[in-house]
Every structure is written in structure tokens, then in C-alpha cells.
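Two chains, two separate frames, one set of hints: put the complex together.
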Amino acid sequence: MPVIQSPLPGTFYRSSSPDTPPFKAEGDAVAVGDVIGLIEVMKSFHEVKSEVAGSAIHFVTDNEDPVMAGTVLAELS
Amino acid sequence: MLKKLLIANRGEIAVRIIRAARDLGIATVAVYSDADATALHVQLADEAVNIGPPAAKKSYLNIAAILKAAAETGCDSVHPGYGFLAENAGFSDAVTAAGLIFVGPSGDAIRLMGDKVAARGAAHAAGVPIVPGSLGRVDSIDAGRAILADTGFPVMIKAAAGGGGRGIRIAQDLAAFEQAFPQAQAEALAAFGDGGLYMEKVITKARHIEVQVLADGTDAIHCYERECSLQRRRQKVWEEAPSRALSPQLRDELCSSAVRLALAVNYSGAGTVEYLYDEDADRFYFIEMNTRIQVEHPVTEMITGIDLVAEMLRIAGGEPLRLTQADVTVKGHAIEVRLNAEDPARDFAPFPGTVDSLRIPGGPGVRFDSMLYPGYTVPPFYDSLLAKLIVHAETREAAITRMARALSELQIVGLKTTKPLFQALAADPSVQAGDFHTRWLEGWLEHHAARLTPNLEP
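Quick note, the sequences are listed as chains F and R, same order. Number 55 in our numbering belongs to position 55 of the first sequence; there are no gaps in the numbering. Heads up, our numbering is the position in the second sequence plus 1000, with the first residue counted as 1.
Treat the hints as calculated values from the structure; they're not laboratory data. Predicted model, so just to flag it, every value in this text is computed and none were measured. Certain hints may be false.
[To be verified] Residues from chain R shown here face chain F by an in silico Cβ test under 10 Å; the list is partial:
1. N1050
2. A1281
3. A1345
4. A1349
5. P1350
6. Y1376
Every residue, glycine too, gets a C-beta built ideally from N, C-alpha and C.
If we strip away everything but chain R, and leave its shape as in the complex, we get (with noise of 0.2 Å):
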């Protein structure tokens, strides 16, 4: 078991990670930037280090800051949360050759699931269905030509040497994609030098679902799925479990995949393999593999019973794994949304500023993961979360009335706060239905924003 842990994060997940690792006996030592000072983390840890001024990438992005506190507190282990370092396989590799552990997996294995063309070729390799298309590079319109028998349209084709969107066309049927091809070949070997392709199913219309997998770098299980369709741009807003769109059977190839790819790549620790559900067409893709603890994990946690972050630590001390895949099983139906500092009303502008009080949500089946305290002022410098809401009913119908009613009761008075988005959301009849994708929420947006009207309460 890990003796000492230093939370190389800030925010509710810092508190988070503190309290797994005290219901485990573990020391803990918060890391701070001169902007936290007064930090909720800062009071819960038993040892705090300032490590910097508040630009994150002078403190909490600071690998030589955080791996010195960690030496000069005696720290055994170090838990990156997620964002800042939590995916930089050069911070996994830099805390194991300070001979400390990382509670995450190996730099090997971020860096493979980093690589998007590596990951994909990894789940292909594990049998995990990708989004149709090209497994390599397109060097010819005869070989696209090819790839369109899975692809069908629309199709996206894009430079395979090109980054992130640079460079993408898509094509709505086989005129627009003879005319495309050559195009966007002359375009890639102008732009990179390299006339390379590679082509990509595009699914218009998704859900997003994604499988919670524990591994210990022999074994692997998974916790079943969580679905996180309702986004604003591309940030998950709103997230429930089970999903509801999965057929029994479906669920088990979904998570059974998960499982597949978490063995085929020796991971390590607590993984989410994220996936594109196409309804129409009842299939999954594999999207990508996030290989740290999501902001969602609580509503995993609450359906199982399962302490993923207590799980994590358990791990990265050496033990294996406690629980078998028939040890995990599915109570009821749970539901998260993200509260940030942020005006609905006017287009989710930030609203940084002091909680004068605070009124939090309790009862059954109602948690609130968060670092807020009255009197607390939420600095500008970091990322906009200020709690979780979660819920846990028996059914889904119960857990949006459950959400509607720990939302009337919180209260956080002196900051704007996405209260009234989801206030509207869990009133409204799709949602209540469950009959949503990825981009329903930026159309539902364009029309009722406005009526989310500021909570500066009372």
C-alpha cells in the first residue's frame, strides 16, 4: 500500500483523490500555486507545498516544482487527477525515474493511447470496431475508391501528414468525392509535402458512450458505461449511467471490447475507452482511450458501489486487483452535471468571483463533489468547474425528478453558475426521454439560452 501521496492537481478532483487516499490510511500532500493559497485542497491534505505563481504552467504544469515537493515531503507516490499533467507521458516517466510511483499507467502506454493513429491501429489490432476508413495512408483515387464500400457517405478525407482539423473535406456522394480526392491530395502535397490521404466514415448523428475499465497490468475488467452525449462544444455537460440507448447485448460487446483493448495494451490502473454509438445503424466505434480518472467517474461509482480512486491507489501500491467482472454489478441509474462558473445567459462567459454562502444539496441519493466554501473566491487562472452534482435513484425517470430537486436546493450565492441550464435540461422532454446526441444540446442552446436566466441568488 502506498504510504505518502502528493495530489499533483487542484480543485474538486485534489479533494477527491485526498479523501480516497485518507479512507485508505494514505499521507497526503496538496500542491498549490500562489493563487490557492487558501485552496480547499491546501486545508484537507496533511501537508501542503506552494509550488509557483498562478500561470499553470509555471506551478501545477511544473514538473521539476511538483517532483521537488515530493522529495522534500517524503512522498512515496504522486496522483496527477486529470488535465494539467495527467496525460503527459513524460511526467509518468520523470516521476518513475525519480523512484516514485505514478498512480496511472506506464508513459509507454499514454503515449500509445496519445497517438491517435497508434491507438487506432491498437484497437483494430484488439478487435474494438473503429470508424470506418482507411487503416493507413490513401495514396490513390482507385484505393479511396475502395475504402467508400465502408465507408459511405458522407465521407471525410483529410492529409494523412495534416494536424488536428487542417486540411479536412468532406464529401456528400461519389461526384463530390471524385472532385474532392485530387483536390485534397495537390492541397496535402502544396501543404506538407506529402499527397497522402486517409478517409473516415462521418457519423452525423451519435451518441457518446464510453466504458470504465479497471486493470492491474495483467487483468482487466470493465464497470459498465457511462453515456455523455449532452455536450457544448465538445465539453460534456451532463452525464448518466447506465445508457439507455444500449441493448443488453450490445452493452456486453461495448464493455467486453473496453476489456479487450485495456489487456491488449498492458494497462495499468483506471482507463475510459471512449466510443461513437450510431443508433440508426446500432453500431459502436472506438473514438479514443482517456488513460487517466474522468470528471465523471462518480456516476460509475454510485450505479457500482466501487471507489475507482480508492481502486487506483490499491493498484498503483502493488496489489491486484480485488474484484472480478461478476463482483461488479449495476444498481439503478445515475446522473452528473458539471456546475461552472459560467453565465448561460451570455453565451457561458466565465464569472470568476467569491461565494458569500453556500447551500448545498443533501437527502438520499444526492453527492456533491466540489471545492467550494463559503467565502472562497474562485480564482480566474484555472479551468471554470466548481462542482459536481450527482444523483442516484432506482430508474432514470427518478434521477432527473432527484436532480431537480437537489438543484432547487443548491444555492451558491455571488457567482453565475450553470444552475439554470440544467434546471431547464431536467424539465425538458427530450432529455426526459433520453432522445438526444452529441450535437442535440448546441440546437436546444440556440433556442432557450437566453431564458437561463442569471442566478446571482438570491
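Only chain F is shown next, with the shape it has when bound in the complex (with noise of 0.2 Å):
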């Protein structure tokens, strides 16, 4: 299953401010190059892009969670 990594340690957020739905909802179709939520590195933001196209996003991190270069923020089908 391919799977979307974050390319930083940070704080992973869905979307771009709190008052904005998410970049992508649950179960949403993805293409290449497509932005998928935001990582938050020591106070600046750095937009995280799919490298892999999929019918369906599920995401496996939640919004405002810490993660590490490498965690899986989501899976796609």
C-alpha cells in the first residue's frame, strides 16, 4: 500500500489554519503534487505533497500530532 511520509520532524496539521477545512478529507482521491497537510518545524510551515496518486486517502496521524522525519502521515488505496 503506498504510503505518504513526512519529509520533517515537526507538528503535522490537516489543514492550513485552524479555521480552514482540511487539504484533504478522509477517503479523498489524491494525484501527484498534491498538498496534503502541513508540517510545522520550529515555528515555520512547509507544505507536505503526495508523491504517489490514489484513490482513497486514510490517514494514519492525527492533525496537531509531533512526528518524526519518516512517520507515516497517511496510506492510500
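Here you go:
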């Protein structure tokens, strides 16, 4: 199963701000290059872009969870 | 005197505060998140309490958890450091309401200085020069034209009701002003339901100069100025004292205006009054007052010999100011640089990681304030400041030479840091001449950043 890993250590966010909807809802289709979340590292924010495509995304890391580089954020089917 | 102090912070400032407290015989309690269990401040404090998960809002910003830790360990006081809750008036109030001493000003003083318009009004009332502009709202273009006599051009027009950078227009001349004013009015009315505007002179080339004050609620003194004009994205990277730009007379006016403001608001503790200095016009203007100890406080400590954090603790413990203005004298020149876990060659991308080995500079006139130790892993959840390297010498020229010497001794192996930036700045003719302003560094970086090669030493 293809997975999307965090490229950086930090905090994972599924939306660009608490007031906006998530970049991807559970089950959404994902194309290569789609932004699926943000990683906050030392107060700066970095987009997580998918390097793989899939018909449905399943998040395994919750919003605001701490992550390490390589932590699996989501699986694709 | 305080007996037991909780330090509501982390990183180098928590270490700094623990050191000052222990020098005064005050017991210390560190607080830490799950990500900071191995942090130096946890190791150095007499006791340490876990206050929650890595995310700051669940730990270092969690007022209930911090107060609980203070109660459980029998603390009589709380030092907020800088950042996190340091300028949160509600935190100052909550600490006081819990029967503890807040090492800093009252919630009311924090609130007053945290409100930009109120702070500007308080400064004006205390006879502190403010950036020329409207004191309150401007409701008509005729009233606006009258204010132009004070501001000149360029002038900034913004909605009085707007926050942040919203709806700001800059007019370069009268024709542009006549056009922009009604547009800004209509826009403000549409956006905020209030067509009131606010006007302020735009100072295009200014130095950032700030004055350190100490006050006990009754008396106030200053500890002279710091210049922090070398900034990137409004973040100071290199700070020094004294400023080479000020004449003795202007220095005297600047520093006494800061004392007037501290007295006017019955300030207590350490604070910093920040100004813009327009070198061409030889005038200074109040920007804001920071009601906390600042990152760059060591440069003042180096030139005055005063331990500012210890003085904060003494004042909080109920002692009157120990120093009179005549006791504060300046000796030599000091410079501080902020070593961040960032790669200056890659647009200052953050670079958390593990310190494989560490060589700390030393010798005469060198101070290194840091939470690093060999084997320490820098967590990615907080700001990128790793260390402050501070040097002191007889003259500014000698201080820059000493900074270059100390940087050459410093090795932080395993991380990328901003060290190459400071090596390049110390060698730069404009920096050596002190010829810069708050926007100088960003222009310089456009031409030099690529050459600030990474330093994954050795």
C-alpha cells in the first residue's frame, strides 16, 4: 500500500489554519503533487506534497500530532 | 527575597534564569514538555515537572498546568522568560491570583503596553516622541491634510478599525494622498463598517534602537541603549551596545524618555522601550515597550556589569531598586549574535537535529548563553534559537574582531546553524563601519546568501 511520509520532524497539520477545512478529507482522491498537510518545524510551515497517487486517502497521523522525519502520515488505496 | 522560583519557559532563557536564581540562593523548578525531558534546563534546576505534550499550547502555554506545577512544588514565584506567556496579561493576573509573585509587571501594565494605540497614547502623554501621525482617528480628508504637515511623505493611511497589515496604503505625494484617502475611507467603511482612518509617517530608513529600563513601581532607571538594526524578517540577528549612531546629547534624551515612560505607567521589573531612529533627521520615535526580559539583554549586561535577570528577581522579591542612575556606567562595546538551527544558504530553512559534538568559544570577553550539550537532540517543536554568542571589548572595532575570533572557535557538529552568516557579517565593510539600517540585511542577503555555505562541521 503506498504511503505518504513526513519529510521533516515537527508537528503535522491537516489544514492551513484552524478555521479552514482540511486539505484532504478522509477518503479523498490524491494526485501526485497534491498538498495533504503541513509540517511545522521551529515555527515555520512546510507543505507536504504527495509523491504518489491514489483513489482514497486514509490518515494514520492525527492533526497536531508530533512526527519524526519518515513518520507515515497517510496511506493510499 | 524569593525562596522558590518556577521558570515557565525552556531553552537558553530557562537556563539563564536558573543561573541567576541560584546565584541569589533561590531554589528553582523547571517545567518541561514530553519533547524536553532531556533538556539542559531540566538537568540544571533543583526540581522539574512535566507539564504536557510537545505542542506549546498543551505545555508551555498551558496556564493551568504551570500553576499546578508551582502549587505542587511549593513555589512562591514564577518567571515567564520571553516568548510563550511572558507578555500575556492574563497569565500575570492568574499567577498573582494564585497567591504567587509574577516576576514582571502587573497584568494592567502588560495590557496597556500590549495595546499599540494605548501605548502610543501613554508615550505621547509622557513626552516620549512618537512617530508623527494622527493621535486618534481621522474622519475627513481636510483633517487628513492638516496631519500631513507633521508626517510629510511618504505617509501611511490605514483603517482605524483594521488590524495587522490590512488595508494599508502608502502615498508618496499630495496627489496620491488625495486619491488614496477617499478610497481608503470607502474600503474601511465596507470592510469594518467604520470609515475612520489612521495616518502615520513612513520612515523608510531607520535604525532600531531600544533602551533597557529597570523599575520597582516607584523609581526607574535606564541601562542605556542597544542597537538591533540587523534584522531578517523583523527578527533581530545581531545586537550591540552602545549604538554608534547616537550623539551623547541624543543618547541622553532617548534614555531619559524611556525612564519617563516607565515612571508614567508605574512600571515594575525589567522592560525595554523600543524606538526607530531616523538618522537623516536625527530624531527618534517610540515604537513599543516590551514588558519582559529580552533575548538580547546580555549586551547590556556586558557593558554595564549589571545582572539584569538577578535585578528582576530582587525587584520581584520586594526590594527597592538597588542602583541609582549614577551607578550605571558604560564600559566598552558588546555584540551578540543569535545562532539559530537554520541553514542560511537555503533561505534559513530550519535544521533541527542532534549535536554530535560541541566546541564552545572562550577566553577574555566571551560569553556563550545556550542550552546545547554534546548528544543533545534539538526538538523541532519550538523556536530555532540554539545559542547566543556575546563578546565584549574596549571598542566596537575590537569587539568585531573578537566576535570573528570566537566564531572561529565555535563548532556545533551535526546541525546547520547561522554561524556562516555572522562570519560574513563580521567581515563586511558596512557592518564594520556600522553603516546599516533595519532593511539593510535583507538587501545584503539577496547578494550574499548563496555563499553562506552549510557548516555540517567538521
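Practice prompt. Please name the hints from earlier in the document that this structure breaks, with their numbers sorted from lowest to highest.
Written response: Result: hints 1, 2, 3, 6 break, sorted rising.
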